[in-house]
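Student: Please model the complete structure; the sequences and the hints are all you need to start from.
Chains as they are written, first to last, in this note's numbering: chain A, 66 to 255; chain B, 5 to 160.
By construction, these hints were calculated from the structure, which means they are not laboratory data.
Among these hints, one or two may not hold up.
Interface residues of chain A toward chain B, partial, derived using beta-carbon atoms under 10 Å [claimed, not checked]:
id	residue
1	176
2	180
3	218
4	220
5	221
6	223
7	225
8	240
Simulated crosslink set (BS3-like; lysine-lysine; CA at most 27 Å straight-line) [said to hold, decoys possible]:
id	chain 1	residue 1	chain 2	residue 2
9	A	182	B	84
10	A	87	B	8
11	A	242	B	147
12	B	147	A	183
13	B	84	A	87
14	A	182	B	147
15	B	147	A	87
16	A	181	A	242
17	A	183	A	87
18	B	8	A	183
The beta carbon of each residue, even a glycine, is placed where N, CA and C say it ideally should be.
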Amino acid sequence: MKKRKKPKRKVESAKAKPKSYKPIVRFCLIFLGLLIILTTTFPFLSDKFNPQLTWLMVVTADVTGFFLKLFGMNVWGSGRTVSMSNFSIEVVGECTGLYEMLIFLAAMIAYPASLKKKLIGAGLGIPFLYVINIIRMVFIMVMGNWSPETFDFLHMYFWQVAMILIIVSAWVLWIEKVVYYERKAVAVHR
Amino acid sequence: MKEKLWLFIVKFILVSAPLFALWHWKGQGWYLVFLNHLLTLLLIKIAGLNIQYFPSPVDIFNNLIPFVSLMVITRDIRLKTRLSRLAWGLLILIVWHMILTEAVYLLHDEYGVPSQAYEKLSVPLYLLSGTLPFILWILFANKQVAGLFVRRKKIK
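Tutor: Laid out in structure tokens, this is it:
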């Protein structure tokens, strides 16, 4: 008599080898490779495109100042500097959200999808990340002005992780809403 | 993803916020002491290198928190598997921190790289530090994120 096999547990065990492992490893390797290439070449490219980068920093400072004024705050500044009564910042390359955009682009390029969908993702994701970055800047300015001691915590800890979480969320949303959107529609139509 | 994105984000915030507060309050101080002991043991006592002190780029060590939070909130992983993957991930991150500390020491203190060049070299390292916990999470919780990668085959 043949022994009946015990039903396998649905919960993941340490020994079980997932079938979906290969595309994930492939994604991680491509993503890491792209990230290394993009982030190492970016600082050198930023020298070449210094006027454009400076323009972006000034725009970021202006937009941050504009929203702070919109909320009734007393703000002033010139060029890359934004100042409030107790607090002042100078917008640098990292404050423009460019690095976050590079991480997002690297994650999107590494994911297996058509060029059209990647372009849609870039078109939606980059402005989205810029808006989030402006919210971050406004938030940091308000909190820094209210309590300068909290600036380090917000700048170095909270927002660094929050931005990465936002990038991951934007990437997941892109996969769910853009990459799978047509396929779902086709499946329902059939 | 096996659960809704917004729910996952809420869980992440709920778990990571107190962990961050703890880290900021006491954790980073303790971790620096631990890392200094480890580096002293490995590089000075065992490898015999002539290093006077270790720099502490503490702001990049906080990537331990998102990794722990992500591994804690991810559903459907058995406790034993979860703990072992958490331990492996933390080990990888600690090794990464040791490499970073050594890199900062060599670039900044030993070779005295000018600040502009130092900034150029350190930015990629900082960015990798930020993304590393998420890459580790994708690898360790591969079954939970598999839906993002294999669904297209099923629909075909």
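Student: Hint by hint, say whether it matches the structure.
Tutor: Here is how each hint holds up against the structure:
1. Given hint, residue 176 of chain A at the interface with chain B, holds; its Cβ is 8 Å from that chain's nearest Cβ, closer than 10 Å.
2. Against a cut-off of 10 Å between C-beta atoms, the interface hint on residue 180 of chain A is violated, since the closest Cβ of chain B lies about 16 Å away.
3. Given the 10 Å rule on beta carbons, the hint for residue 218 of chain A holds: about 6 Å separates it from the nearest Cβ of chain B.
4. Evaluation of the residue 220 of chain A hint against chain B yields a held restraint, the C-beta minimum of about 9 Å falling below 10 Å.
5. For residue 221 of chain A, the interface hint holds, the least distance from its beta-carbon to any beta-carbon of chain B being 4 Å, beneath 10 Å.
6. Given the 10 Å rule on beta carbons, the hint for residue 223 of chain A holds: about 7 Å separates it from the nearest Cβ of chain B.
7. Given hint, residue 225 of chain A at the interface with chain B, holds; its Cβ is 6 Å from that chain's nearest Cβ, closer than 10 Å.
8. The beta carbon of residue 240 of chain A is positioned within 10 Å of a beta carbon in chain B (closest approach about 5 Å), and the interface hint is therefore held.
9. Using a Cα cut-off of 27 Å, the hinted pair residue 182 of chain A and residue 84 of chain B is violated, with the two alpha carbons roughly 39 Å apart.
10. Of the supplied pair hints, the one linking residue 87 of chain A and residue 8 of chain B holds, its CA atoms being roughly 24 Å apart against a limit of 27 Å.
11. About 21 Å separates the Cα atoms of residue 242 of chain A and residue 147 of chain B, which keeps this hinted pair within 27 Å; it holds.
12. Simply put, residue 147 of chain B and residue 183 of chain A have alpha-carbon atoms about 24 Å apart, close enough for the 27 Å limit, and the pair holds.
13. Taken as a hint, the residue 84 of chain B and residue 87 of chain A pair is honoured in the structure, with Cα atoms around 24 Å apart against an allowance of 27 Å.
14. Taken as a hint, the residue 182 of chain A and residue 147 of chain B pair is honoured in the structure, with Cα atoms around 25 Å apart against an allowance of 27 Å.
15. Proposed proximity of residue 147 of chain B and residue 87 of chain A is supported: the alpha carbons are some 11 Å apart, at most 27 Å.
16. Under the criterion of a C-alpha separation no larger than 27 Å, the hint pairing residue 181 of chain A with residue 242 of chain A is consistent with the structure, at around 14 Å.
17. Of the pairs offered as hints, the one joining residue 183 of chain A and residue 87 of chain A holds, with about 21 Å between alpha carbons and a cut-off of 27 Å not exceeded.
18. This hinted pair checks out: residue 8 of chain B and residue 183 of chain A have alpha carbons roughly 23 Å apart, not beyond 27 Å.
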